[in-house]
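For chain V, the structure is supplied; the task is to place chain G on it using the hints.
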Amino acid sequence: MRKSYWGSVWSDFKRNRLAFAGLIVVLILFLIAIFAPLIANNKPYIYISKNKTYFPIFFDYPELRNIDLRKNNIKGFKLFPPVQYSYSEYDLDSIVIKPGPKHIMGTDEQGRDLAARMIYGTRVSILVGFIAVFIYVSIGILIGAVAGYYGGIVDLIISRFIEIVICFPTFFLILTVLALVGPSLVNVMVVIGITGWTGIARIVRGEFFKLREADFVTASRASGARDRRIIIRHILPNALAPVLVSATFGIASTILIESSLSFLGFGVQPPTPSWGDILSQSRDFMDFAWWLTLIPGFAIFITITAYNLVGEGLQDALDPKSVSRG
Amino acid sequence: MGKLLQVNNLRVKFPLKESDVLAVRDVSFWLPEGRTLGLVGESGCGKSVTAYSILNLVSPPGIIEAGGMFYRDKNILSMSEDELRSMRGKEIAMIFQEPMTSLNPVFTIGSQISESIMLHLRMNKKDAREYAVDMLSLVGIPDPHKRYDSYPHEFSGGMRQRVMIAMALSASPSILIADEPTTALDVTIQAQILDLLMKIQEEREMSLLLITHDLGIVANIADEIAVMYAGEFVEYGPTDEIFGDPLHPYTKGLFEAIPKIGENAERLKTIPGVVPAISADPGGCVFHPRCPAGSDECTEKPIPLIDCKDGRKVRCIKTDR
Chain V
8 MRKSYWGSVW SDFKRNRLAF AGLIVVLILF LIAIFAPLIA NNKPYIYISK NKTYFPIFFD
68 YPELRNIDLR KNNIKGFKLF PPVQYSYSEY DLDSIVIKPG PKHIMGTDEQ GRDLAARMIY
128 GTRVSILVGF IAVFIYVSIG ILIGAVAGYY GGIVDLIISR FIEIVICFPT FFLILTVLAL
188 VGPSLVNVMV VIGITGWTGI ARIVRGEFFK LREADFVTAS RASGARDRRI IIRHILPNAL
248 APVLVSATFG IASTILIESS LSFLGFGVQP PTPSWGDILS QSRDFMDFAW WLTLIPGFAI
308 FITITAYNLV GEGLQDALDP KSVSRG
Chain G
44 MGKLLQVNNL RVKFPLKESD VLAVRDVSFW LPEGRTLGLV GESGCGKSVT AYSILNLVSP
104 PGIIEAGGMF YRDKNILSMS EDELRSMRGK EIAMIFQEPM TSLNPVFTIG SQISESIMLH
164 LRMNKKDARE YAVDMLSLVG IPDPHKRYDS YPHEFSGGMR QRVMIAMALS ASPSILIADE
224 PTTALDVTIQ AQILDLLMKI QEEREMSLLL ITHDLGIVAN IADEIAVMYA GEFVEYGPTD
284 EIFGDPLHPY TKGLFEAIPK IGENAERLKT IPGVVPAISA DPGGCVFHPR CPAGSDECTE
344 KPIPLIDCKD GRKVRCIKTD R
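In the order they appear, the protein sequences are chains V and G.
Quick note on the numbering used here: the first sequence kicks off at 8 and runs consecutively.
Quick note on the numbering used here: the second sequence kicks off at 44 and runs consecutively.
Same shape as in the complex, but just chain V:
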């Protein structure tokens, strides 16, 4: 059977049930993040009144702007999303309601629907996780590749620089920088991105060190390939496996960092909901409103676990010693 390298990695990965379950959780979170406005919204997908058909989620209708279509006195066919609330909708008549048929995850102290806020919070987690990791993986690959490929004095300087950066306590560095530049979603991603690259840089440096002596690299050099081509085509693809594993674990820890930052008030700013922020605001009501801390805490736990399982599965699948390939 014809299988590419990544094809055989995939078939090894699939065999690991826990990792596969983790991947499914990650995919579900992705779908929730992408389709958040279709899952939690105070407008219906479709509203057919006497003389006109509306799609209020998708288009803006001036005549509907100040009308709450959920009210029973508005007649016509209405099809609502599963959660009929928006994440920033205050309803002071229904504060701190237990999970029930009306609010499946209950409401918070300002009467906002927790389910809607959790669903939108997924977006922040995914966005921060992926963009911050993308930033630091890019920086790490670039720096590690240069150090590992050229070696010598270049490597010496870069390696010492990496060691200096590693010495900074990252979390406090991030806190300090955010205190200076001001907390916002973009700042959180950028700051995590530019402080987190050292691990990746070390991995890539090590791989390049090993691979630049590989026979196929020598062979390619002997057939007249340029440095750039050797790096991009022959070394980098072979160095990516451990980077991928590390990046997966990195997403998990980045989500945790973002939650911690939001918990401390340095993360995403209201009204944008983030799991850490929900947790932080509801800790005062912990003794009677259990759902307000339990649900976001559980969501963070599940997400981190899922990414870690995927990372471990990848690690096993990519390790040539643990599989029968070929």
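Treat the hints with care, since some could be wrong.
[As the list claims (entries may be wrong)] If you anchor each label on the Cβ, the simulated ranges turn out as follows: (1) G:Ala-262 to V:Val-161: 44 to 50 Å; (2) V:Leu-187 to G:Leu-164: 53 to 59 Å; (3) V:Phe-42 to G:Asp-192: 33 to 39 Å; (4) V:Phe-27 to G:Leu-59: 47 to 53 Å; (5) G:Asp-125 to V:Phe-42: 52 to 58 Å.
[What the hints assert, rightly or not] Pulled a few chain V residues facing chain G out of the computed Cβ check, cut under 8 Å: (6) Phe-223; (7) Ala-229; (8) Gly-231; (9) Ala-232; (10) Pro-244.
None of these hints come from the bench; they were simulated from the model.
Keep in mind it's a predicted model, so treat the numbers as computed, not measured.
The beta carbon of each residue, even a glycine, is placed where N, CA and C say it ideally should be.
Same frame as chain V, but now just chain G:
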């Protein structure tokens, strides 16, 4: 017969902390068009370093300290990086000892052959593919159209070496350097690969520099042989002559070490002693400590490569010619 490649007094040094290592010292040879030179010697005697020097690819910290290398009268050592790149693969190509690791595991073998074709022959992707399939069938890969899209791990060692040969030949080089091309293969496959190399060499009138530790291989293929010991040529001449009448005690020792069928020997013959660490300049003949004919005379001064009457060269003062 033009001198396609000429190497004069090549010296390659590896500067190390304790002392410098001279991996190749004072090596000179030339490769005529369409002929085969066999470079024979034990592990670590400087064969491969000599080969890498020809492509100016000695890996750091090694440096080519002295000597001249000329490809079609162009000095390889004074070429720019661009000129070197266009020579590598296109004029002088190389195949390696380890076919299992000489191919990039994440790309199809076809795309790796095409890469070299597109680089040197400036073909587009489609033509390169067709050309690569032709090359695969030339080196005896069955079903080349299908195998083009296979990955290296789907091939056996012998088949991978064929792929390496196809890749090396794709730009029609005039010299092929084969660095122990069959060492990692089993005996029957060895013969097939050697036959293939000989066939292609004949068809394309290519020059072959064959590096090996196996005397049996050079006997069949090489027109001339250079025997290397501790970074030096100790004997250099036409294959028939050397096999008929080896002059240097080291060469003689190598021949005696080949077990012969029918000979009723208790133990296999070996050359006593080990190859010296090539860092130390022995001050005389490098082989002298292991030499059965050695005497004090041999340690006095470095031994030059002595010309013999019939065009042979030998680095031994005890030779009677």
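These are the hints, each one checked on the structure:
no. : hint                               : verdict
1   : G:Ala-262 to V:Val-161: 44 to 50 Å : holds, 48 Å
2   : V:Leu-187 to G:Leu-164: 53 to 59 Å : holds, 57 Å
3   : V:Phe-42 to G:Asp-192: 33 to 39 Å  : holds, 38 Å
4   : V:Phe-27 to G:Leu-59: 47 to 53 Å   : holds, 51 Å
5   : G:Asp-125 to V:Phe-42: 52 to 58 Å  : holds, 53 Å
6   : Phe-223                            : holds, 5 Å
7   : Ala-229                            : holds, 4 Å
8   : Gly-231                            : holds, 4 Å
9   : Ala-232                            : holds, 7 Å
10  : Pro-244                            : holds, 5 Å
The earlier numbered hints are all upheld by this structure, with none contradicted.
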